[in-house]
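Novice: Here is how the chains run, residue by residue.
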Amino acid sequence: MAKRLETFLEHLEQADNQADLQDRAQDLQGILRVDHVVYHWVSTTGEQYGCGTYDPVWVQKYVQKDYLRVDPVVLGCYQRFHPVDWKRLDWSSKSARAFRREAMDHGVGNQGFSIPIRGPKGQFALFTVSHSCDDAAWATFTDAYRRDLILIAHGFNQKALEFEGVAHRGPKKALSPREVDAMTLLAVGYSRAQVAQSLAISEHTLRVYIESARFKLGAMNTTHAVARAMSQGHIVV
Amino acid sequence: MLHFIYACDLPAHPDLADTMFRNRAQQFKDRLGWDVTVDDRGWEQDQYDRLNPLYVIVSDQGRHAASMRLLPTTGPTMVNDHFQQLLPDGPLHSAQIWECTRFCLAPGQGTTAASALQLAGGHLMQAFGVDHFVGVYDRLMTRIYRGIGASPHQLGAAQGICAGLWTFDRDSLRDLSRRADIPLGQVAADFSTSLAAMGRSNAA
Numbered sequence: 060m061a062k063r064l065e066t067f068l069e070h071l072e073q074a075d076n077q078a079d080l081q082d083r084a085q086d087l088q089g090i091l092r093v094d095h096v097v098y099h100w101v102s103t104t105g106e107q108y109g110c111g112t113y114d115p116v117w118v119q120k121y122v123q124k125d126y127l128r129v130d131p132v133v134l135g136c137y138q139r140f141h142p143v144d145w146k147r148l149d150w151s152s153k154s155a156r157a158f159r160r161e162a163m164d165h166g167v168g169n170q171g172f173s174i175p176i177r178g179p180k181g182q183f184a185l186f187t188v189s190h191s192c193d194d195a196a197w198a199t200f201t202d203a204y205r206r207d208l209i210l211i212a213h214g215f216n217q218k219a220l221e222f223e224g225v226a227h228r229g230p231k232k233a234l235s236p237r238e239v240d241a242m243t244l245l246a247v248g249y250s251r252a253q254v255a256q257s258l259a260i261s262e263h264t265l266r267v268y269i270e271s272a273r274f275k276l277g278a279m280n281t282t283h284a285v286a287r288a289m290s291q292g293h294i295v296v
Numbered sequence: 282m283l284h285f286i287y288a289c290d291l292p293a294h295p296d297l298a299d300t301m302f303r304n305r306a307q308q309f310k311d312r313l314g315w316d317v318t319v320d321d322r323g324w325e326q327d328q329y330d331r332l333n334p335l336y337v338i339v340s341d342q343g344r345h346a347a348s349m350r351l352l353p354t355t356g357p358t359m360v361n362d363h364f365q366q367l368l369p370d371g372p373l374h375s376a377q378i379w380e381c382t383r384f385c386l387a388p389g390q391g392t393t394a395a396s397a398l399q400l401a402g403g404h405l406m407q408a409f410g411v412d413h414f415v416g417v418y419d420r421l422m423t424r425i426y427r428g429i430g431a432s433p434h435q436l437g438a439a440q441g442i443c444a445g446l447w448t449f450d451r452d453s454l455r456d457l458s459r460r461a462d463i464p465l466g467q468v469a470a471d472f473s474t475s476l477a478a479m480g481r482s483n484a485a
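Chains as they are written, first to last, in my numbering: chain A, 60 to 296; chain B, 282 to 485.
There is no bait here: all hints are sound.
Here are the computed distance ranges between Cβ atoms for each label pair:
1) A:106 x B:320: 29 to 39 Å
2) B:341 x A:146: 23 to 33 Å
3) B:293 x A:247: 48 to 58 Å
4) A:124 x B:389: 48 to 58 Å
Simulated from the structure, these hints should not be mistaken for lab results. None of the values given here were measured: they were computed from a predicted structure. Note that the Cβ used here is the ideal one computed from N, Cα and C, for glycine as well.
Model the full assembly from the supplied sequences, consistent with the hints where possible.
Specialist: Okay, here's the thing in structure tokens:
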């Protein structure tokens, strides 16, 4: 699965337009075997844009009926930035309960996990996976994929920002000399202990170098980071 | 007790908010002499408090004992907006790094409260899938951070100010739990109490 998600992230990064994002949402639905994957951007003026696998009839109804003002997921996540299981939200009002029934009728599912995203200049977006299953199965799924889903959510958002021309600019992140050293030694098969010893640093410090290289490379784990460092020409072995 | 409260939910905790912002004025304006703004209530606040940050607060009998302020680095942050000179590798924007600022202790509070705060922060990171906090701190704090079992990895430094990354593994959380004298189960319980409230009010 880790390999498939890595490949997925590579594909996502190559998306050129909104139609590609729609295809990627469908790919992810298949990879994760969940009922739905949705990316949803709400501008400060209330304009909406998104892609995903929800029933188009439901999406149209959502926009027409202005459910943005009722949807507990949007209300609970707006201006916040931590990932949320839908069970944690307030579904107690009459309008929220009616909204939930309608969503379920359109196959949205009884479970959901949403990641609010705060971008530059007050940008707000939501990435959601939803499914029909019991609480225990859902907890297992979200525990296993929380970190991956956060990375993927921001991958979608990064693309959307790019298309809108508001992505964080800046040079393609270069690795620092220490990060290059660490990645190179890992690439040639050294263990972490051996790398730390070769660079005369503690394993704790080494971990920080690896982690910072990993986020610069947009990688999911150390192996993925090493692979990316090689494929992007940061290291040569 | 440990609290995790977004700015929009602070009105539900008036005493905690009042003592936190007053203690911040005492620490940053009076003690450290920073150029910060204190209003007529005696509260220290800046533009980042208006971005609905998430506060981590340690309370003692309902009053603020220690706190810090968290913001995601995918949006505006102090370190990227004002302290680029401390970031040799350029601005930090990552889904898995949150910025931690305004690390504050109430007068009379010491290393136990500071450890409790780091413990709370470390727990939050695990629960929310955050790998690192990035923060700007006075070089004088380096020893204090080491003393409470939460040393940052320094990214850069200039004129007595440093930027650093924090991360916590299971061992360091157990260590902080012992230093703070708060069992890990209690941290988890306080966290879920706060979390239940986090998704239940509509952000302003």
